[in-house]
Amino acid sequence: MAQPAIVAEDLTYRYGDLTAVDHISFQVEEGEIIGMLGPNGAGKTTTVMMLTGQIRPAEGRARVLGMDIVKETKQIQRHIGVTFETTNLYEQLNAVENLQLFARLYGVRADIRDLLEKVGLAGREKERVANYSKGMKQRLMVARAMLHNPRILFLDEPTHGLDPVSSRTIHTLIQEAAERGTAVFLTTHDMMEADKLCHRVAFINQGKIVALDTPAALKLRYGKRALRVEVEAPDGRVTTHEIPLDGSDGIQELAMLAQRGRILTVHSEEATLEDIFIQLTGRGLVG
Amino acid sequence: MSLQRIVVLLGKEARLNATNVFFAYSIAMPIVLSLLVGLVFGDIFSGMPRLGIYAEGETELLGLLDAKGSLQVRVYESPDVLRGDVRRGAVQVGLILPAGFDQALRRGEVTRIHALRWGEASLRDLALIETAVADVMVELAGIPTPVQVEAVPLGKVQVASWSQRFLPLLVIMAVLLGGLLVPATSLITEKQSRTLVAVTTTPTTLLEVYASKVLLGLLIGLFTGWATLFLNNAFGGQAALLLGVLGLGALAASLLGALLGTLSKDMDTFIAVVKGLGLLLWGPGILALIPQVPEWVARIFPTYYIVDPVLQISQRGAGFSELAGELAILLALVGTLLLALVHIVERRKEKMALAE
Amino acid sequence: MIATLIAKDLKLYARNRLYSFLTVFALLAYIGIYFLVPASTNEELSIGLALEVPQEHPLVQYVVRFMEPQLFTSREALLASVEEGEVTAGLVITREVLARLQQGQAVNLPLYVTPGTPSYLQEALADVVAVAINDLVSPGGGRMRLIEETEEVLGPDLMGASLSMRQRLLPMLVMFVLLIEAFGMATLINQEVVTDTVRALLVTPLRTSQFIAGKALLSVGLAITQVLILLVATGQIVTAPLQLLVLILLGGLFMTGVAFLIAAIARDYMGVFTWGLVFVLPMMLPGLTVAFPGMASAWMEWIPSFFLVDGLHRALNFQVSWGELSGNLVSLLGISLLLLALGGTLLRRRFQ
Chain A
197 MAQPAIVAED
207 LTYRYGDLTA
217 VDHISFQVEE
227 GEIIGMLGPN
237 GAGKTTTVMM
247 LTGQIRPAEG
257 RARVLGMDIV
267 KETKQIQRHI
277 GVTFETTNLY
287 EQLNAVENLQ
297 LFARLYGVRA
307 DIRDLLEKVG
317 LAGREKERVA
327 NYSKGMKQRL
337 MVARAMLHNP
347 RILFLDEPTH
357 GLDPVSSRTI
367 HTLIQEAAER
377 GTAVFLTTHD
387 MMEADKLCHR
397 VAFINQGKIV
407 ALDTPAALKL
417 RYGKRALRVE
427 VEAPDGRVTT
437 HEIPLDGSDG
447 IQELAMLAQR
457 GRILTVHSEE
467 ATLEDIFIQL
477 TGRGLVG
Chain B
14 MSLQRIVVLL
24 GKEARLNATN
34 VFFAYSIAMP
44 IVLSLLVGLV
54 FGDIFSGMPR
64 LGIYAEGETE
74 LLGLLDAKGS
84 LQVRVYESPD
94 VLRGDVRRGA
104 VQVGLILPAG
114 FDQALRRGEV
124 TRIHALRWGE
134 ASLRDLALIE
144 TAVADVMVEL
154 AGIPTPVQVE
164 AVPLGKVQVA
174 SWSQRFLPLL
184 VIMAVLLGGL
194 LVPATSLITE
204 KQSRTLVAVT
214 TTPTTLLEVY
224 ASKVLLGLLI
234 GLFTGWATLF
244 LNNAFGGQAA
254 LLLGVLGLGA
264 LAASLLGALL
274 GTLSKDMDTF
284 IAVVKGLGLL
294 LWGPGILALI
304 PQVPEWVARI
314 FPTYYIVDPV
324 LQISQRGAGF
334 SELAGELAIL
344 LALVGTLLLA
354 LVHIVERRKE
364 KMALAE
Chain C
56 MIATLIAKDL
66 KLYARNRLYS
76 FLTVFALLAY
86 IGIYFLVPAS
96 TNEELSIGLA
106 LEVPQEHPLV
116 QYVVRFMEPQ
126 LFTSREALLA
136 SVEEGEVTAG
146 LVITREVLAR
156 LQQGQAVNLP
166 LYVTPGTPSY
176 LQEALADVVA
186 VAINDLVSPG
196 GGRMRLIEET
206 EEVLGPDLMG
216 ASLSMRQRLL
226 PMLVMFVLLI
236 EAFGMATLIN
246 QEVVTDTVRA
256 LLVTPLRTSQ
266 FIAGKALLSV
276 GLAITQVLIL
286 LVATGQIVTA
296 PLQLLVLILL
306 GGLFMTGVAF
316 LIAAIARDYM
326 GVFTWGLVFV
336 LPMMLPGLTV
346 AFPGMASAWM
356 EWIPSFFLVD
366 GLHRALNFQV
376 SWGELSGNLV
386 SLLGISLLLL
396 ALGGTLLRRR
406 FQ
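Residue numbers (my numbering), protein chains in the order written: chain A, 197 to 483; chain B, 14 to 369; chain C, 56 to 407.
Incorrect hints may have been included.
[As the list claims (entries may be wrong)] Which stretches of chain C does chain B cover? Using the computed rule of at least three CB atoms under 8 Å from a CB of chain B, they are:
(1) 161 to 169
(2) 173 to 183
[As the list claims (entries may be wrong)] Okay, the calculated bits of chain C under chain A, using three or more residues with CB under 8 Å as the criterion:
(3) 123 to 130
(4) 254 to 260
Because the hints were derived from the structure by calculation, they are not lab data.
Glycine included, each C-beta is placed from N, C-alpha and C at the ideal position.
Pulled out of the complex, with its shape left as it was, chain A reads as follows (with noise of 0.2 Å):
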């Protein structure tokens, strides 16, 4: 069996007294995208930043494709994609130039044309970036973090702000590296993102995972099911009635309502990652 490609165990990282991140233990495998969920400050970023040797952890330990990410980072930066949660390209450059540029500190040969097509550039590819939306720019930060095929991809809020084309555009790439056996780390605070995308999504709050399966799973653990159903009386009074799928006898409830007059609607209601997260945490995803 393939070893995983990120497996953590207790990662801590302390800014004085403030613990950003703690005793964090988890496991991607390759192939998978997982999603780490989480309002600002939750201590996703910083998670990517031990993760991609950027800073070192506090306490604990993580092995990213079998090295060590305090003692082998240059060995595993060579197989890792980064993006950043703010823009950091060489704006006087144009994308092209940007490109080539990392794609030499790799020391791979890649065709940055054929990337720049697929992230919806090509055309403008000889243009500054300074020019460029921030759609754009960022389109051009994932096409960067993919130059050299990585076995990991660290995407620290990609699709942040970005309208809807350039976040399809990102969500393809995601997939497509996904399926060629690329491990995706995503962090996010767009539940839906989240719900689409990954295969298993980890909740983060104050530092600490306070959940972390498949969205499906999450949903079927942490969230209730019901159907919502209109109902007109015969006096014509139209009434709403919620009917919990979980632990009770549905169809005898709906059977029960067809009696009482004529069933306008039915709705199914299913939890969102956002409500478990809520419920979890006592708060949003957002802020």
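Since the structure of chain A is already known, use the hints to place chains B and C on it.
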């Protein structure tokens, strides 16, 4: 237009631009250049010979030498410090005077003194030091000096020194850099960060925003122009007239800055435009460095009508009536720039309205 | 990898129009200033003498022998020559003046000086003439007979061939080029931090030490190139090519250390500007003291840049031997390595 809003905006501009590197540059540059020109070409370091003295006892020689205007005299507390300063050229000659020097001189006795000479000192400076010292020694010894010599400078017109020749360029740089850079760069920054739209969605009008930026440019240009004249001892006597003309010049520069800031897409374009305009802007200053070029050539350049009235007033004491022609041209220049700016602001307003 | 980084930085340098413009402008300005200042020193104070009395008169002969003046046949010719600046000052000896001098009576002599002569020089010239003539006519003998002077020369004796302003200015200009380059380099590094591009670079296989080495090499290379252009343009590289090359190389290292320190301390662009002034302005002082020795003071020899400026001054202007220069070179190397180590360590800490 609301004056109150303009003042509020001006305050914001001043606070924001305090951390703008162009703000620091426009204020520092003319001042640094003034000091540099002063340093290199004379006014601060006049080339006056330097004499150091260590006296083992009391001597009136120090007072007498100090009173002379032809030497810089430094008194030392220790012969070693004097020796060190002669070695590094801080003083060109060091004299070590024995105790009872004055009395021996007055008695007509032969007195022995030790002189330290900096090897790099020029013959000319050594001769000047020697004669100045000799002159006061003769006075101290009470030897009659029947011959008094008084220097009479010839020629009605003083030859312009290098610092004087540099002054027009410095004044242009001060007024233009001060007035032009800050409004232009702050407009470009606002355009790039799209804060202009945010401000104009309040009751503030675009014209008020521009007015505050132009006003800030005017104030900076006025200050840098004034500081340059002050540092070059060229402030003259007619403060009100001078301030008025400097103000007009700074206003022209500020309006030009606002125009360029509006028309430039980004900072790079702006810098390219300023470089392109360079000769047109600095022309009169550069021509003043070359006295062989006839004055009418400088009159072709618009900035001539800023710098010439300033220098006429500050250096030659010219009055309003003598400058009426040049000031009329300057006013016309300001008027044209103002009209052009208002026209462009109106067009931008329409564009912004359409975009909404 | 380092070569890739340097190529990238050179490209960015060229794309930053403000910096490339300022660099070229400053270099041209320095070369311009060098050629604007006088190439030779006016060692002489030439005095013209118009005689309206016979030259054979003993007193006149004394004056001529003592002051070695340029003689003029008429007052008009003398005044014209003074006004043109051909002689620094001019004196007319009339019959009346001669008669009064012979009788030991007080005489007021006008000394005509060239237009634009500074007032201190006017007074000094008047002193020269007054002392000379009073010495001759004084009944008790002049002060010459009262003083016995022993003279000691400190430093190389250039009597009659003192250095021109140009020669004095060049070491200072070299220093300026280096320090302005330190400013530019500090800004470039700071920009990488502010725009966060340094993080993007350091999550690749590139090591922090390689990043710092790339910056150091670029910085030293740019500094050396600019100083070489200045020295070649002024024609002074030929005076001591090897010594100058070594000094420039060390100067480049020194300046890079200063740039690293500024970049490590400054948080943003304004910080570079402020800290740049704090570091760079004092470093300029030793250069100023070579050009204007009147400013020199013992404490300035403690400013690290002194060893560089003094070395340049001696190599350029006195053709010193390697042995005489070794003190400067060793001190400069030591200080440069110290600054590089300190700046490099602080930068490394900043990046991590």
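| message | Tell me whether the statement that chain B covers the stretch 173 to 183 of chain C is true, taking a Cβ distance below 8 Å and needing three residues at minimum. | response | It holds, with 11 qualifying residues against the three required.
| query | Taking a Cβ-Cβ distance under 8 Å as contact, does the stretch 254 to 260 of chain C have three or more residues in contact with chain A? | reply | Satisfied; 7 residues make the cut.
| query | Counting residues of the stretch 123 to 130 of chain C whose CB is closer than 8 Å to a CB in chain A, do you get three or more? | reply | violated (count 0)
| Coverage of the stretch 161 to 169 of chain C by chain B (three or more Cβ within 8 Å) | holds (count 9)
Checked against the numbered hints given earlier, the structure breaks only hint 3 and satisfies all the rest.
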